[in-house]
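Student: For the protein sequence lines, the chains are R and X, in the order given. As numbered in the working numbering, the first sequence has no gaps in its residue numbers, which increase by one up to the final residue, 389. As numbered in the working numbering, the second sequence has no gaps in its residue numbers, which increase by one up to the final residue, 1956.
Hints were generated in silico from the structure; no laboratory data involved. Misleading hints may appear alongside valid ones.
EDC-like mimics (lysine to aspartate or glutamate), calculated; alpha carbons at most 20 Å apart, straight line [stated by the list, open to error]:
{"no.": "1", "chain 1": "X", "residue 1": "1368", "chain 2": "R", "residue 2": "105"}
{"no.": "2", "chain 1": "X", "residue 1": "1357", "chain 2": "R", "residue 2": "143"}
{"no.": "3", "chain 1": "X", "residue 1": "1368", "chain 2": "R", "residue 2": "170"}
{"no.": "4", "chain 1": "X", "residue 1": "1137", "chain 2": "X", "residue 2": "1174"}
{"no.": "5", "chain 1": "X", "residue 1": "1352", "chain 2": "X", "residue 2": "1320"}
{"no.": "6", "chain 1": "X", "residue 1": "1631", "chain 2": "X", "residue 2": "1680"}
{"no.": "7", "chain 1": "X", "residue 1": "1856", "chain 2": "R", "residue 2": "109"}
{"no.": "8", "chain 1": "X", "residue 1": "1357", "chain 2": "X", "residue 2": "1213"}
{"no.": "9", "chain 1": "X", "residue 1": "1368", "chain 2": "R", "residue 2": "106"}
{"no.": "10", "chain 1": "X", "residue 1": "1137", "chain 2": "X", "residue 2": "1252"}
{"no.": "11", "chain 1": "X", "residue 1": "1368", "chain 2": "R", "residue 2": "143"}
Please read these numbers as outputs of a predicted model, since none were measured by experiment.
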Amino acid sequence: MDLTAPYLGLSLRNPLIASPSPLSRTVAGVRRLAEAGVGAVVLPSLFEEDILEAERREGMLLDQGADVFPESLSYFPETTAPASSPEAYLRLIERAAGAVEIPVLASLNAATPEGWAGLARSMGEAGAAAIELNFYQLPADLEMTSAEVETRLLEAVQSARAAARVPVAVKLVPYFSSLGEMATRLDRAGADGLILFNRWLQPEIDPETGRALPGIGLSTPMDGRLPRLWISLLRGRVRASLAGSSGVDSSQDLIRYLLVGADAVMTTSALLRHGPDHARSLLDGLIGWMEAHGLEHLPEIRTGVSTSVHPAELRSTYVEALRLANSQDRGPW
Amino acid sequence: MTRAIVDGNEAAVSTAYRLNEVCCIYPITPASPMAELADEWASQRRPNVYGSVPAVVEMQSEGGAAGALHGALQGGAMATTFTASQGLLLMIPDLYKIAGELTSTVIHVAARAIAGQALSIFGDHSDVMAARQTGFALLSSSSVQEAHDLAAVAELATLRARVPFIHFFDGFRTSHELNTVELLSDEELRRLVPLELILEHRGRGLTPEHPVIRGTSHNPDVAFQAREASSPFLARTPQLVQEAMDQLAQISGRSYHLVEYSGHPEAEQVLVAMGSGAQTAEETVKSLVARGERVGVVTVHLYRPFPEAELLQAIPETASRVAVLDRTKEPGSQGEPLFLDVSTALAEAHTRRARPSLPMVVGCRYGLASKEFTPGMVQGVFRELRSPSPRRRLTVGIQDDVSHSSVDYDPDFQVEPSGTSRALFYGLGSDGTVGANKNTIKILGTEGGLHAQGYFVYDSKKSGSQTVSHLRFGTEPIRAPYLIREAGFVGCHHPSLLERVDVLATAARGATFLLNTPYPAAEVWDQLPRPVQEQILHKEINFWVIDAGAIARDLGLGGRVNTVLQACYFAISGVLEREVAVARIKEAIEKTYGRRGSRTVKANLRAVDAALERMERVVVPTSVTSERQLIPPVPESAPRFVREVTARLMAGHGDEVPVGALPPDGTWPSGTAVYEKPRVSELVASWDPELCIQCGNCSFVCPHSVIRSKFYPAAQLAEAPSGFKSRALNAKGLPDTTYTLQVYPEDCTGCALCFEACPVADPHDPARRAINLEEISPILERERASISFFESLPVPDRSRVDFGTVRGAQFLEPLFEFSGACAGCGETPYLKLLTQLFGDRLVVANATGCSSIYGGNLPTTPWTKDAHGRGPAWSNSLFEDNAEFGLGLRLAADRQLELARRRLSELSPQLGQELVDEVLSAPQRTESQFAAQRERVEVLRQRLAQVEGAAAQDLGSVLDHLVRRSVWIVGGDGWAYDIGFGGLDHVLASGRNVNILVLDTEVYSNTGGQMSKATPLGAVAKFAAAGKTAEKKDLALQAIAYGNVYVARVAMGADPEQTLRAFREAEAYDGTSLIIAYSHCIAHGIDMQKGLDQQYRAVASGYWPLLRYDPVVRREGGNPFLLDSPRPRLPLPEYTGREIRYSSLSRTDPEEAERLARLGADAVARRWATYEEMASRPAAAFAADARRSS
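Using the sequences provided together with the hints, build the complete structure.
Tutor: Below is the structure:
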């Protein structure tokens, strides 16, 4: 069975990618994911702003007490450095890439134009096979227009693309007024791939304390529907590779993504929920399904089984869904 | 050869490291940096000049280091060590062996005072002079360059002579002075010390291929002769040293002699000196000769074997009067060592007619414990020599109004060349001033043709301390090993310093003054204290201002104003062209902060530009407008001694205190820190009575004892000043009682541990708690009045306080207050608790270390006393002997108690049988029992006054022992796990009633974070730069193994009630007790505000299981092993990930970090399993307490 999947100009041994999670935080973790069979691993995102702030804070901690008392003019060996720094991340890329046969991708969330360009370049130089640009930024500034948001995004992609010597993919959130148009502009701006979608983790409010809690939750299969819809719509209309992300728990979810035209499929929640070895069962499920459908090579999925959704059908599908719901007495809608 | 700016330690170790194969190390001030550098270079795999990377091994003490050194040498390795002071003393037994066996080695000593009446970390020759009889050669360096060069000379000479060397230079003055030096290249060192000599040394090593025995026992028949057999080796050593010096001269162009003379060829008065003081004397002599005086100075480089011929040759025959300067004191001797040697040499020469006349020779002590030695003092000694009848024994640099030994001198006498620029910078610790000045020196000292010197003076506090940087630059080499007395540039890097320190006292006429202040040039004048205005006008000072604080804040640099002020210095002083200076500063920033990351680099680069844009010159008005004087160091109400002595020390005028004002035996009054009011933080704790639930957590954890609680009758509030905070006491059974929690803002360091410990959140503002940090200025006056009233309220009756709870303990008066420990210190809350619980009957033996520094470093002490005048009696003996010292205190107390009881029985007819019986049988466990016993003892004392005779007198002298004493042995992990472990172990096995408190910071905190055997696996520390690869020693289990030791492991931040229980049980236990207390520390690389949270995490992750082992329970048939903490419920990285000591390794060596983290987690799991199993054993599975009941 040939599961080889082309993605961002890379040739993955299979289309399943372990997306950023604590599992890929260490070299041992990356190795374990590779052993579990995934086609590629994306390292956790480097958040430029946070890491620089942590670097500053840790630098100050290293300095505290220094040059105060004549017996203890410092408290650490001269070589001690803040653990949080872009360099530490680059070392992780270097080591992880050296430790496994599969491509290791970096993920970048920069805060400054220099950050997008400089860090993207460094990540490539450190051995990242490609770079995911993670645009998780809440435009909380109520004066900022959607056009400004889009321009910033495009500029960042352009600067990262120009600086990096390796492919770059853009991990999108679905909240654009016209996502399709945005996707085609990103495609034209040089994005080698589009990842649909970034999960936007909203904070939760603790009713007892009134404090905001981090809104971390694993995705569910339901979450795969929206990205699959958009992949289906973009398929064949952009040059960039398309990757599906969110809602992959079973091999069925994986297959659904491939059916709508995803070049690669990413999962975090399933691997966190069931352990890295779950990757093996996802792939076994895919192989079993392909065997059942008489398919030998992955690209045959798209040619062999037609599932695409046409834009014209979208509205009628929506209306039909409502009708169906009401008929089962789940209304009023 | 490379031109570089290094200090004396680096200069020496640069040579030593490159010429040796083994370095046996142990930290001790001021030599530690030599060991640290060696360790770092070895961890970077830097080879020596022969191509191998030296093995650097930290030992458990200097005694251990000397033993390992001896072994390495006997094994044929080129080996060395670095030490000072007590460390050298501990090496002495091995030094005799090494010398006796004619073994080649050089040990490098940053010479330092020895603890006598007090410890001193500062420089003099007491230590090396205590080793002069060992058979080692002693070679002295007077400067940073010499420390480098003569280290190499010693290496060559020792290999040629087979006589081991102590190469020494003055602690701090040379070891920590930065100066421009030429460093020898590897090739030059190889040429100087050729491999053949190493091979000969190696060939003398022990080998089973050619077996010999060394270290035999000699009988009276041959021991004497054998001792004499080595004499020729010593005899030829001076010549070999001179040859080595000559070889160095050929290679480097720098020429040295065993003894050097400088001065008038027909000098009449001559000084003889050794060390950095000789350089001062040489420079002074040069100046005096130029003024026509017939004076000279002899500098001794080789002191042992004593180069008699060279010395005699050096002293001109015209000299009729000679003063020999000794930087040591040998009490009771005929004179100090160098004086005796010189006198003997001269007298013998005269006797054998080798010298026509015998000059009068006087001995003069100078410079003890880094006392300044200045040109004025040199001139003073010459004046004394010229007097009609000079005194035979002198001191210089002090005012000796007791023995009248001191010579007068002119403190303002200067000899520095006019081309030398001198600058002084006043900063606060951790503001980066010192670091920036080090960079400045490196920039200037490596600029073509310039020479630079830097020396840094720190005060004795670990929080809010002041630093003074002394910088000199010039076209000639800087030979001025003394502080600047007249500066052309003065920088004051913190505006608050102006209020307490006379920073312009040392400003020269026409000097430039740069002040960091929030006020712009147009407004600053009226903000200055009057003395500052007066001096600016009087000395016609050029005055500049900059708001460096604002720039640093804007750029995210926090309180680090260093770069801003450094840029201003370069711009204003004009020492370099501005463009060149800016470029150099920026290069230095890239280098210094490169490892800290790009943001830090960028912020500092921006700070340079912002500084140049925003500094302003002040147009100085023509008149003084301010009425404000400097803040007096202590209040008028302070006791006389504090006003007359302590205050002068605090004000920086300790040098002027005469001998007669000081205690001759090292005994100082306690309770003096209260007068300091250092006001080190702008943000201080402030109580919110409305929110407070009166739990006592904040006062329990406060490391500085600035949060006090009292309850008192509500009626007393009538007298309270306005703004005094109070609230009804929320305890049952005490109606109409009011509660006040009083903060002492001027003593608060703003560490915020109280805020973190407060369990209450304001429902309207979750960020607020019942104790918050507020700005000090608006509340200060109100709080001063409140404190005054608060102190007039009675201290709560101890017998009405529940000692068993944190809530109750807050009402116990701490007798340890306002220490100068680091803000948020993890150790001091335990000491404070100790004094709250047992303070009025407490005797403390304190090991040297952080706790002896914040506990006993002058000018003040936090150990204090209660209203009855009772409180902890505290003493520091040494680092290594503390357990034994404490045991001695116990033995004395036991003997005196026994004596008291015996005399009491004998005198019972006169004193009243009933009272005597009561006293002898009184239980002493609870506070009410102690109070009752104290009352009985008072009655006894009154009755005893009526009884005559020796027995009554005898009893009177030990009567106080009838109230049970609490002896505590306190120290850190460096003491308990390493240097003092042998003694600690012995005391643990003694069965005696002493209590041992180990303040475990898991590193040598006081000397700057070196690894101890308490350092955990995987943590980075000095001497473990690549992460420690051995597990922490389990001291608790070792003590438990004895069966009769009460053992507790506590962490106040995790479970304060358990801590409280452990302290009380330990004290009550009639036997030896050991408490191991988790003490968070800045050496962990943590946000100190989160110190308690880290303690919680240490426990919750299973890293630091809380336990108590009580032999009494075993005796009663129960399981004595109590595991007080629940099963680990936090992943270990949730604890370790927040500490730089663990996390930094993931940056520098991620694979190793992961490996060690895995092993660390295994260790935690394994230990937990062991403890859990122990907690379920039957009593019989533990060792029994086999002591006989008395």
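Student: Starting from residue 1368 of chain X, check that the Cα of residue 105 of chain R is at most 20 Å away, please.
Tutor: Satisfied, since the Cα-Cα distance of roughly 14 Å is no more than 20 Å.
Student: Between the alpha carbons of residue 1368 of chain X and residue 170 of chain R, is the straight-line distance 20 Å or under?
Tutor: holds, 13 Å
Student: Do the alpha carbons of residue 1137 of chain X and residue 1252 of chain X lie within 20 Å of each other, as the hint requires?
Tutor: holds, 18 Å
Student: Are residue 1357 of chain X and residue 1213 of chain X close enough, with their CA atoms no more than 20 Å apart?
Tutor: Satisfied, since the Cα-Cα distance of roughly 16 Å is no more than 20 Å.
Student: For residue 1352 of chain X and residue 1320 of chain X, compute the direct alpha-carbon distance and say whether it is at most 20 Å.
Tutor: holds, 19 Å
Student: Quickly compare the C-alpha distance for residue 1368 of chain X and residue 143 of chain R to 20 Å and report which way the hint goes.
Tutor: holds, 16 Å
Student: Please work out if residue 1856 of chain X and residue 109 of chain R have their alpha carbons no farther apart than 20 Å.
Tutor: holds, 18 Å
Student: Are the Cα positions of residue 1357 of chain X and residue 143 of chain R separated by 20 Å at most?
Tutor: holds, 16 Å
Student: Starting from residue 1631 of chain X, check that the Cα of residue 1680 of chain X is at most 20 Å away, please.
Tutor: Violated - the C-alpha atoms of residue 1680 of chain X and residue 1631 of chain X are around 32 Å apart, more than 20 Å.
Student: Is the straight-line distance between the alpha-carbon of residue 1137 of chain X and that of residue 1174 of chain X 20 Å or less?
Tutor: At roughly 15 Å apart (the allowed maximum being 20 Å), residue 1174 of chain X and residue 1137 of chain X satisfy the hint.
Student: Compare the distance between the alpha carbons of residue 1368 of chain X and residue 106 of chain R with 20 Å, and conclude whether the hinted pair is satisfied.
Tutor: holds, 16 Å
Violated hints amount to a single one, hint 6; each of the other numbered hints is respected by the structure.
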